[in-house]
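Residues per chain, in single letters:
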Amino acid sequence: MSLRRLPVYILADVSGSMRGTPVESVKAGIRQLHRDLLTDPQAVESAYLSVITFADVAIQVVPLTEISSFIPPEMEANGQTNYGDALRVLLECFEMEVVRTTADQKGDWRPLVFILSDGAPTDTGWPQYASELRERRPANIIAVACGDHADISALRETTDTVIQMRDMSPDAFRAFFKFVSASVKTTSAKVGSVGEGGAITLPPPPPGITIIP
Amino acid sequence: MDEPGAVLAPDDAVVPATWVDREPEVAWCPEAIHAVLGDEFVRAAATEPSVVSRAHATWQVRGASVRGKSHGHRGEHRDDALAVHATDDLLLLCVADGAGSSALSRVGAAVTAQQVVEQTAARHAASPPDSPAASRLGTAMAHAVHDAALRLHELAAAAGVSPTALRTTVIVVAMQGDLILVSQVGDGAVLMQRQDGSIMRVGALRETAWAGEVTCFVPDACAMTQAAGLRQVSAAEISLIALMTDGIDDPFHPLEQSGAALVDQWRDGTSAPIGTAKQSHCGPVLASADALLQWMTFEQRGEVDDRTLLLAWRAAPVEA
Chain A
0 MSLRRLPVYI
10 LADVSGSMRG
20 TPVESVKAGI
30 RQLHRDLLTD
40 PQAVESAYLS
50 VITFADVAIQ
60 VVPLTEISSF
70 IPPEMEANGQ
80 TNYGDALRVL
90 LECFEMEVVR
100 TTADQKGDWR
110 PLVFILSDGA
120 PTDTGWPQYA
130 SELRERRPAN
140 IIAVACGDHA
150 DISALRETTD
160 TVIQMRDMSP
170 DAFRAFFKFV
180 SASVKTTSAK
190 VGSVGEGGAI
200 TLPPPPPGIT
210 IIP
Chain B
0 MDEPGAVLAP
10 DDAVVPATWV
20 DREPEVAWCP
30 EAIHAVLGDE
40 FVRAAATEPS
50 VVSRAHATWQ
60 VRGASVRGKS
70 HGHRGEHRDD
80 ALAVHATDDL
90 LLLCVADGAG
100 SSALSRVGAA
110 VTAQQVVEQT
120 AARHAASPPD
130 SPAASRLGTA
140 MAHAVHDAAL
150 RLHELAAAAG
160 VSPTALRTTV
170 IVVAMQGDLI
180 LVSQVGDGAV
190 LMQRQDGSIM
200 RVGALRETAW
210 AGEVTCFVPD
220 ACAMTQAAGL
230 RQVSAAEISL
240 IALMTDGIDD
250 PFHPLEQSGA
260 ALVDQWRDGT
270 SAPIGTAKQS
280 HCGPVLASAD
290 ALLQWMTFEQ
300 RGEVDDRTLL
310 LAWRAAPVEA
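Quick note, the sequences are listed as chains A and B, same order.
Position one of the first sequence corresponds to residue 0 (numbering that gives the first Met the number 0), numbered consecutively onward.
Position one of the second sequence corresponds to residue 0 (numbering that gives the first Met the number 0), numbered consecutively onward.
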């Protein structure tokens, strides 16, 4: 009779290209997301939030934490874009933190993952982890190509759901994190299983953010 | 330049929101569906909560379907439904749980529950009486789920929506003489207590590794196959049967461990909570509908779904 949680992971690219306004906007957006989720009692009861940053290496800067205890992290942008390490850490977090249903315990909702990146992977190991994520389908993953230089093909190899946010202004990030909040609020509902083609239905993205078909 | 940090100062304190209960803000169904179903059906389906008590020659029946906190907070209707058909010859019990991700799933659940009991009874009555009892009843149950699926397709066409907008789970228990048959599409549970007091779960276990994911709903094509996967039990062994949607099943998972305590509470009242559930004191659920509704108010963090529980038990007198 354990708690049924909705695990939400934010994977944020904090490589050098995100320095300045973009990384500050991501920080502000996560604070806004936290504040917004606190206004929804279902999110307060069920949603658990984690932040993983990736540059030269990936680090889970906030472990999976209930909304009322979540502390938005500080972030600094510099270094390369080790996308493979981000996916490796994500897979590790799934193994360590997410509960699957068994005969004896009740599982979590399928995790919701948002990957934000404005560049191309600088490592060579990422396809292996991307392939693993695609095959195992351990989460509903939404990849966000930020700006004009994001490697959409790498994101596409990770998940079918890729959205593009060309504008990297604070307003655009603010709108994006409202979309994240709305997605979290609508995810805890009975759905067809992913294996049956019944993945979650996302809310409509805000203006300026497009779903790449 | 816009200051991104101005979105929210880091030290801004936000008090976590609490639940409120709002009346539904939209009609229970679109006008086109309302016209097909009629005022009486829609009024009954939209009534909150839905409570049923029936007497059968051998069994007493009591059930309730109540709106969950999540729907109440959002001013939405309940997606669960239940239906009962009780004659001295045949007892049919049904619960259904509309998929939260489908816009009109409450309609799917209510129509499916009603169709399944009505059509099972009608098809059973019309079937050759010299056929083996299990075959006769099982065929009627499977065909009734097919009827329900067709009905949902008709309603979807009338409303100009996809049939998937009406997706629902369904559990049916049919009892005739010593025969009990169980049919299930999707999640939820059937719990039975044997005459010796032991507990068994009949039918589907959780279908995937993740909460809230179901492999098949009515009116999907797979529903008829799942519905035909009947489980048979001898009624002579059984003293109590409980049908429940996941709003009851999930908080007390696994039922194999909690089932005995649940049945004790239904028979004797709540004296001590089960597991981490917060339960207020209530009298025997089998004794009154008020006690059942009180029992269904238990609190468990994160368990905010609609709740439907339908009980059938032997011998106890039903309230006037």
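Just so you know, these hints were derived from the structure itself, not from any lab.
Source: prediction; values computed, not measured.
Incorrect hints may appear among the rest.
[Unchecked claim] If you want a taste of the chain B side facing chain A, the calculated C-beta under 10 Å gives, among others: (1) Val13; (2) Val14; (3) Pro15; (4) Ala133; (5) Arg135; (6) Gly211; (7) Ala227; (8) Pro253; (9) Gln278; (10) Glu302.
[What the hints assert, rightly or not] Derived DSBU-like pairs: lysine-lysine, alpha-carbon spacing no greater than 30 Å straight-line: (11) B/Lys277 / A/Lys177; (12) A/Lys184 / B/Lys68; (13) B/Lys277 / B/Lys68.
Glycine residues also receive a C-beta, built at the ideal position from the N, C-alpha and C atoms.
message: Output the indices of the hints that this structure fails to meet, ascending.
response: Violated hints (numbers, rising): 4, 5, 7, 9 and 11; every other hint is consistent with the structure.
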